[in-house]
Amino acid sequence: MQEYNDHIVSSFDDDIASIRRSIIKMATLVEEQYKLLHHIVDTGSASTVEDVLNNEPKLDAFDGKIRDQVITFITLRSPMAIDLREGLAALKISTDLERLGDYCKNVSLRIQALEEIPPAEIKNEILRMIVMVQGQLKKVIDAYVSKNKDKAIEVRNADAVIDNQYQVTYNHIIEDIRKNPSKLKTLTDTKLLFTIKTIERAGDHITNIAEEVYYAIVGETLSTPRPKGEPE
Amino acid sequence: MTKELKISAKNLNVFYGKKQALFDINLNIYANEVTSLIGPSGCGKSTLIKCFNRMNDLVDICKYSGQIMIDGQDINHSSTDPVSLRTRIGMVFQKPNPFPKSLYDNIAYGPRLHGMFNTKEDLDEIVISSLKKAGLFNEVKDRLFESGTGLSGGQQQRLCIARALAVNPEIILMDEPCSALDPIATAKIEELIEELKEKYTIVIVTHSMQQAARVSNRTAYMHMGELIETGLTKNIFSNPKHAKTQDYITGRIG
Chain A
1 MQEYNDHIVS SFDDDIASIR RSIIKMATLV EEQYKLLHHI VDTGSASTVE DVLNNEPKLD
61 AFDGKIRDQV ITFITLRSPM AIDLREGLAA LKISTDLERL GDYCKNVSLR IQALEEIPPA
121 EIKNEILRMI VMVQGQLKKV IDAYVSKNKD KAIEVRNADA VIDNQYQVTY NHIIEDIRKN
181 PSKLKTLTDT KLLFTIKTIE RAGDHITNIA EEVYYAIVGE TLSTPRPKGE PE
Chain B
1 MTKELKISAK NLNVFYGKKQ ALFDINLNIY ANEVTSLIGP SGCGKSTLIK CFNRMNDLVD
61 ICKYSGQIMI DGQDINHSST DPVSLRTRIG MVFQKPNPFP KSLYDNIAYG PRLHGMFNTK
121 EDLDEIVISS LKKAGLFNEV KDRLFESGTG LSGGQQQRLC IARALAVNPE IILMDEPCSA
181 LDPIATAKIE ELIEELKEKY TIVIVTHSMQ QAARVSNRTA YMHMGELIET GLTKNIFSNP
241 KHAKTQDYIT GRIG
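Residue numbers (our numbering), protein chains in the order written: chain A, 1 to 232; chain B, 1 to 254.
Source of the hints: derived by calculation from the structure; they are not laboratory data.
Treat the hints with caution; some may be incorrect.
[Unchecked claim] Computed cross-link-like contacts, DSS-like style, restricted to lysine-lysine with a CA-CA straight-line distance of at most 30 Å:
1. B:Lys-234 with A:Lys-149
2. B:Lys-244 with A:Lys-147
3. A:Lys-92 with B:Lys-141
4. A:Lys-197 with A:Lys-139
5. A:Lys-35 with A:Lys-25
6. A:Lys-123 with A:Lys-35
7. B:Lys-95 with B:Lys-133
8. A:Lys-191 with A:Lys-35
9. A:Lys-147 with B:Lys-234
10. A:Lys-149 with B:Lys-3
11. B:Lys-18 with B:Lys-50
12. A:Lys-105 with A:Lys-197
13. B:Lys-95 with B:Lys-132
14. B:Lys-241 with A:Lys-149
15. B:Lys-241 with A:Lys-147
16. A:Lys-92 with A:Lys-149
17. B:Lys-132 with B:Lys-244
18. B:Lys-241 with A:Lys-139
19. B:Lys-234 with A:Lys-92
20. B:Lys-120 with B:Lys-133
21. A:Lys-185 with A:Lys-25
22. B:Lys-18 with B:Lys-101
23. B:Lys-141 with B:Lys-3
24. A:Lys-185 with A:Lys-58
25. A:Lys-92 with B:Lys-241
26. B:Lys-132 with B:Lys-3
27. B:Lys-120 with B:Lys-50
28. A:Lys-123 with A:Lys-197
29. B:Lys-241 with B:Lys-197
30. A:Lys-123 with A:Lys-185
Full structure from sequences and hints, please.
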């Protein structure tokens with residue numbers, strides 16, 4: 001946990017706190033989206049897809065609001081060092097959060113458009129991937145809130161677990177197509193392949209956030225190459 | 001590229017009477033670079049640059065230990081003549097301080113004092129080239145024999161820089177040269193500093209961190225008489241290593 005002294009001008013701290021609050025609110029909404037996505041994959045609920053679609057513009061609005069807050073902060077405060085990194089990290093994190101929200105919407109629509117109900121095993125694996133993403137998201141937001149660089153490193157390293165699950169599920173879907181090559185099955189499974197790729201990419205955006213959090217705290221790029229899952 | 005060392009303070013301690021103003025300062029200043037000294041009021045920045053041209057000699061109660069080397073020579077050695085040392089080191093102060101004389105005589109003052117010319121034409125040439133180097137010539141060429149105190153603040157400060165340049169120094173010390181100037185005059189001085197560093201070694205004391213960031217290659221942060229951190233300006237302002245530096249540059253309660 002990294003703590004700094006307060007600014008002499010207390011409204012400087014208020015500005016930073018306000019940007020951080022926006023990031024946290026936005027992240028909370030993304031968490032909510034993934035919770036809804038889990039429900040959609042589990043039950044196929046059409047009304048939940050509606051909820052996801054309704055939330056999506058709110059994320060875009062947060063992204064715009066955070067950009068404006070950061071521009072104002074930089075213009076009026078001329079922040080340096082840790083403060084400047086804090087502002088720039090917020091900009092990049094909000095972009096990643098916005099993208100995470102996009103992915104959620106895409107997957108929801110794709111699941112809704114499936115031709116067939118996916119095999120239970122594959123469905124459970126997709127649910128597992130979503131739970132992993134949820135866990136990573138929660139952890140990275142914790143790292144951001146507590147300014148904890150070690151937690152940020154943990155999140156980055158844990159992305160390999162999602163990558164590995166992606167690979168396993170990918171193989172299962174391909175196997176499913178081979179076993180039962182009907183037209184509908186192939187269409188369904190192709191959509192599932194896109195689905196798991198998108199969820200895997202969501203993990204990458206969480207990794208980006210972890211790296212941003214680390215950079216904001218330490219001022220250096222996390223240098224060691226991050227652990228990757230097995231290649232496709 | 002290795003930089004040529006111009007000024008080097010080694011284990012420098014300075015006392016005014018019983019009060020110690022500088023504590024064991026070790027600092028290297030490189031040729032043809034701008035080095036900023038930053039830190040809160042009373043931290044010893046001005047005391048330190050006044051050591052470089054032995055201005056502190058003029059303060060009776062000032063004592064020091066340690067060394068200051070310029071071009072590898074100990075400037076406090078008994079063989080060093082402080083007057084000839086000061087011709088190698090120009091100084092510009094916070095408040096422009098032209099002499100109550102004409103522009104011409106302001107600039108000619110040092111060369112006359114040191115007998116640096118043979119003919120009137122030589123002196124004219126020194127005055128004109130100094131004004132040009134200070135970026136002031138075009139603005140004042142028609143009133144060289146009017147009083148220097150009639151210029152604007154920014155012009156007066158550039159006149160003082162021209163006056164410092166007239167004795168052909170190697171080092172220019174600037175003690176908050178822009179603190180009394182508006183942003184446009186400040187920008188002109190900063191542009192001038194950028195040009196001057198090609199020929200001179202510049203040390204600038206400034207309370208404006210933005211200015212230190214804009215003009216200097218290296219920055220040294222001082223706090224209560226100690227040199228806390230020194231490094232490339234881009235590193236000091238983007239990612240300082242010392243918590244005290246971080247607190248100062250980001251405006252935190254230290």
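Hints versus structure:
no., hint, result
1, B:Lys-234 with A:Lys-149, "23 Å, holds"
2, B:Lys-244 with A:Lys-147, "20 Å, holds"
3, A:Lys-92 with B:Lys-141, "53 Å, violated"
4, A:Lys-197 with A:Lys-139, "21 Å, holds"
5, A:Lys-35 with A:Lys-25, "15 Å, holds"
6, A:Lys-123 with A:Lys-35, "15 Å, holds"
7, B:Lys-95 with B:Lys-133, "20 Å, holds"
8, A:Lys-191 with A:Lys-35, "20 Å, holds"
9, A:Lys-147 with B:Lys-234, "24 Å, holds"
10, A:Lys-149 with B:Lys-3, "36 Å, violated"
11, B:Lys-18 with B:Lys-50, "19 Å, holds"
12, A:Lys-105 with A:Lys-197, "14 Å, holds"
13, B:Lys-95 with B:Lys-132, "21 Å, holds"
14, B:Lys-241 with A:Lys-149, "17 Å, holds"
15, B:Lys-241 with A:Lys-147, "18 Å, holds"
16, A:Lys-92 with A:Lys-149, "17 Å, holds"
17, B:Lys-132 with B:Lys-244, "41 Å, violated"
18, B:Lys-241 with A:Lys-139, "28 Å, holds"
19, B:Lys-234 with A:Lys-92, "22 Å, holds"
20, B:Lys-120 with B:Lys-133, "20 Å, holds"
21, A:Lys-185 with A:Lys-25, "40 Å, violated"
22, B:Lys-18 with B:Lys-101, "40 Å, violated"
23, B:Lys-141 with B:Lys-3, "37 Å, violated"
24, A:Lys-185 with A:Lys-58, "35 Å, violated"
25, A:Lys-92 with B:Lys-241, "24 Å, holds"
26, B:Lys-132 with B:Lys-3, "28 Å, holds"
27, B:Lys-120 with B:Lys-50, "33 Å, violated"
28, A:Lys-123 with A:Lys-197, "14 Å, holds"
29, B:Lys-241 with B:Lys-197, "27 Å, holds"
30, A:Lys-123 with A:Lys-185, "14 Å, holds"
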